[in-house]
Amino acid sequence: MTALLDMNRLLDELEAGLRNIMAERGVTSPALIGIRTGGVWLADVMRKRLGLEEPFGELDISFYRDDFSRIGLNPKVKPSSLPFSTEDRDIILIDDVIMSGRTIRAAMNEIFDYGRPASIILATLIDLGARELPIQPDVTGKVLALASHQRVKLRGPDPLHIELQETGQ
Amino acid sequence: MTADQASKRSLQLTSDGQLRHFLTLDGLDRALLTDILDTADSFIEVGERTIKKVPLLRGRTVVNLFFESSTRTRSTFELAAKRLSADVLNLDISTSATSKGESLSDTLLNLEAMASDMFVVRHSQSGAPHFIAESVTPGVAIINAGDGRHAHPTQAMLDMLTIRQHKGGFEGMKVAIVGDVLHSRVARSQIRALNELGAAEVRVIAPGTLLPRDVESLGCTVEYDMRKGMKDLDVVIMLRLQKERMEGALLPSEREFYRLYGLSRDKLALAHPECIVMHPGPINRGVEIESAVADGPQSVILNQVTNGIAIRMAVMSMAMGGRCQNVTRNRPGGIRRDGDQQHRWSIPEDHQWPAFAAWR
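Chains as they are written, first to last, in my numbering: chain P, 1 to 169; chain F, 1 to 360.
Just so you know, nobody snuck in bad clues.
Straight-line Cα separation of at most 25 Å, SDA-like style, residue types lysine to any residue; simulated pairs:
1) F:Lys52 to P:Ser81
2) F:Lys53 to P:Asp66
3) F:Lys52 to P:Ser69
4) P:Lys76 to F:Pro55
5) P:Lys76 to F:Asp29
6) F:Lys82 to P:Asp67
7) P:Lys78 to F:Val305
8) F:Lys267 to F:Glu223
9) F:Lys52 to P:Asp113
Pairwise CB distance ranges, derived in the manner of DEER restraints:
10) P:Pro75 to F:Thr2: 24 to 30 Å
11) P:Pro55 to F:Ser75: 34 to 40 Å
12) P:Asp67 to F:Asp266: 53 to 59 Å
13) F:Pro138 to P:Ile135: 35 to 41 Å
14) P:Pro79 to F:Glu216: 37 to 43 Å
15) P:Lys48 to F:Ala3: 55 to 61 Å
16) F:Asn90 to P:Ile135: 38 to 44 Å
17) P:Glu54 to F:Gly17: 38 to 44 Å
Keep in mind that the hints were calculated from the coordinates and are not lab data.
Note that beta-carbon positions come from the ideal geometry of N, C-alpha and C, so glycine has one too.
So here's chain P without its partners, still in its complex pose (with noise of 0.2 Å):
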């Protein structure tokens, strides 16, 4: 299947799906964050496709799981870092993959605690469905169905490739 996901393709759909929706809404001059660790990757190349100057952010979402009390806390958190106010901005959330909504959510709870955001435009490169929250992403660049045991990952800095994973299940 991930023979079928040409990585190329995924990138012009979501760059295309990201002008659309900025030309829709007027928004000119976007902040932009990925969520680490696929969503950096795909914001480190929106920001040139995009034209952007303003360096992009970084959003670790470990300290905003709603699972702490199950799991504990990830040992390879690391900071966040946004270099940039968000108060009043537009903002484009980028991440990988979507699946339940929560990873989402975590990640608009911590960018509200920097400041209140004019609004943000979520996208992801692979939409699996199987929402748990009521979150949809604004732009996609693929929406797959996948058996219950199977998941992707979106592997690389270089090159970016999507890997199948089977879970066993």
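On the provided structure of chain P, position chain F as indicated by the hints.
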């Protein structure tokens, strides 16, 4: 690892190696200490945000249980817990319910009935937090905020974080701990941490009257002459002269102590030019350290204070993570129980602390 260290490790860690309590650095390996430092590094950034809070401990109750007063340590624990979104109760036991006739046992029973999730314990008796950790309801975490002359592990870890920030790591580092080692709980924790993290040399510099017997067995060398001891140092950690703990005349005078062991500009000049100066506070200016040094360019004393909050956030969140499946919640009547293990809170006057007997 000694049997004593193994016992401390098993009390502090879960079967899969996660932090359950934080009582001492004994038995904790370099990987775990590094995890604590890395996590604290991430929490420093939280303190720089507009909203200096993360939701990790939202809905949890942290009780600062201070049997011995300490404004600075208590404040940083309180701030750390609040930045993790916990509800915080500060109890100065020496001036609270126990002074109205309530027994310590009853005070603690009441705190359990309030469904507390974590006790931060400071006690003048070495081993008291261990005792409480052995007695407490499963699911409740105990953090040692300083016990007797035994340990002050969060202070030692914030010092390690400060050294790592300024020196990049511990390999090849020559570190001296200067002053009242005899009464210092933090010195023991610092020596243990520095050795585990790979410092090249840990020196203690003090008069013989302010050194514990067999201090070398802790993992350090001894130097009585401060001018000799300052040679090639990368880090100098000054200790507070614990005037309130002095029993008998251990020093001829503070002035004499300052002349021989106080950190003045001329003594600091004998160390490596980029040597950093640390002090756990509060500073006795002109006794342990000259003001010009405490406020000088090599001083990182205020960085230590900032790092104290981050380290305490790291330890608290690591100890509280993954607990909700294991906590025995309140039974009817409001008191948590755990079979025969319930509520052995009060510390008997004649209780023996074999592991720490020499440090009381």
